[in-house]
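Let chain A serve as the given structure and place chain B on it in line with the hints.
These are the residues of each chain, in order.
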Amino acid sequence: MILKGRGISKGKGEGEVVMNASATSFLGGVEPSTGRLTDPALGGRSVKGRVFAFPQGRGSTVGSYVLLEMKRQGTLPAALINALAEPIVATGAVMSGVPLVDHIDLSLLRDGDTAVVDGTRGTVELPNVKECHVVSCIVRDGDKVLLLKRSAEVGTFQGYWAAVSGFVEVGESPQRTAVKELSEETGLDLPIAKEGRMVTVRDRDTIWHIHPFLFEAKAPSVCIDWEHTEFCWVTPQEVKDYQTVPGLAELLHDLL
Amino acid sequence: MFLTRDEESVLAGEKGEGLRTAMELLVALGDIYDAKELVPISSAHLSGVSYKTIGEGGIEFLERLSKDAKVCVPTTLNPAGMDRQKWKEMGISPRFADRQLHIIDQYERLGVNTDCSCTPYLGTNIPQKGQTLAWAESNALSFANSVIGARTNREGGPGALAAAIVGKTPRYGLHLDENRAPSIIVSVELDKVDYSLLGQAVGSAVGGRVPYFRGIRPTVDQLKTLAAAMAAAGSVALFHVEGVTPEAGIHDLKGMDRLVIGKREVEAARNKFETGKDPDLIALGCPHLSVEEIRDLASRLRGKRRKGDAEVWFCTSRCTAAKCPRELDVLSKFGHVVCDTCMVVTPIEERFKTTATNSGKACNYLPTLCSQKVVYRTTDGLVEMIT
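Those protein sequences? They're chains A and B, same order as listed. Every letter in the first sequence is one number past the one before it in this note's numbering, and letter 219, counting from 1, is 219. Every letter in the second sequence is one number past the one before it in this note's numbering, and letter 277, counting from 1, is 1277.
Pulled out of the complex, with its shape left as it was, chain A reads as follows (with noise of 0.2 Å):
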């Protein structure tokens, strides 16, 4: 998988992936005779070597030196990744050569990734995550949305509610894999209504970019296969209540 952000610092840089979810400064923020992290509630790790990921940087101006001296030292981290780059931590990264990527997704992320950093072009590998396109069918008939549960027999989530879902296969579209999946796993041909926009979420070693499309229909007939063992008609509030696959609520909320 790879993420495309904006290359701020050259170079590339290879690592474990070490996460702060908050705004970091390197003044105090990091000891630089070794690289640890001085916050005791990352539990004292260190950077030296890793792929340093962290939203934004704060703090003195004087943060730019202290990537100078962990140069010095010897412990730089590999690489860093930012959501979105500001100047202090730009600056130590291009002075002290630390490949720098932002406008990155850092959901996407989990500490311990293995992560290629490429500042010259602006992208984060994560060779051990895979990517899947899927799609995200919601059938609405007035106020009601239609969940089903996954049967044990799928490959993914099972027992899971969801929308009807399927893999985008290789040189298909998106809408034509939707309208397919609509017809096997309920028996429903309908056209398309709306397009939502693409979600994109990390579960364990796979990243899905799920396209959402909604389907409007009145009073249907509802015909399951093998895919689900049951179905429901909720409203979008109700689907709280549901152990559902990761990001249906915030697709809901987008598309309807």
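Think of the hints as simulated: they come from the structure by calculation, not from any bench. Model, not experiment: these values are computed from the prediction. Where is the CB? At the ideal position from N, CA and C, for every residue including glycine. Treat the hints with care, since some could be wrong.
Claimed, not checked - Covered by chain A, according to a simulated footprint, are these stretches of chain B (three or more residues, beta-carbon under 8 Å):
# : region
1 : 1021 to 1027
2 : 1051 to 1057
3 : 1153 to 1164
Said to hold, decoys possible - Label pairs and their calculated CB-CB ranges:
# : chain 1 : residue 1 : chain 2 : residue 2 : range
4 : A       : Lys12     : B       : Glu1108   : 32 to 42 Å
5 : A       : Val170    : B       : Gly1130   : 58 to 68 Å
6 : A       : Thr120    : B       : Arg1295   : 55 to 65 Å
7 : A       : Gln243    : B       : Ser1371   : 47 to 57 Å
Chain B in isolation, oriented as in the chain A frame:
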């Protein structure tokens, strides 16, 4: 950001490693701020001089740059960590002195004017209205923007150095007309204005906005004090004063937010500053004393007797000091005339616990950068303490 063919070749390293690093820094900053292009600068002013701040890591970086790079516009330097001549009297260790002098040498090799001062606009680096600059040092860049009408962003030390080497800076922020308009009207309702306290009150209220002052008629030295205090308390990089500063009359003020500063706000600022008593250091000259301020102090002190045991510092630039030797003779009967440095960037925490100052800027930085308790007094108040 768009780069010309020449700029591309610098980025590719065809003009040397130092220039390449400088260009990489400018491109990174330009991308972060969505600048469309680089624009030529007339001068630069650099921070990042004191050994106390940049350390050995900073030294290695400067050594690397100075191998094959030089600044290509007039460039001046902020205060260093000590007086280059009187460092022993200041209690600086030989090791610190050695490393500090080495830093200044590296800047000299880069072609930088090493009169170390935070007020280059008073002597060694005087911008003109409308010029494009890359200045670090918050009081100096605010003075250049506001009082002179030149144009600079709030640069960090490395960004300003990179701009000095390339001779250009990314065009964004305060280089663009639309960002120079005032965004809040500040009405000052005071009989007698203390510009340090006014700067503290306004800076902490407006943050990074562009204040437009009504009801004050500051002198140049008072503008210097105001700029320094506002930049330290908030992050004000540009302000306008009705009837005084060059860009004050050109903007539409209709419907703008308003802020009133009266006695209550000023007292709150004073209370925030005052954290100590019985100072062991009394320090004037943040920002560096001007010729006029030195003359004024000399006239107040002439013929008086020195009182108290607290050490006294008068901080100024070597360039200013050279212009008023007789006045400095008077001052030196009351304390040390300290050049190249100031109470904020030299390691005073190794010798002093409580510092008295008349500077709003120093009041902001002394507790954090120098572990000092602070006594705030006006210039009159400080003179009373020592006579």
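**Message:** To test your reading of the hints: which numbers does this structure violate?
**Reply:** none
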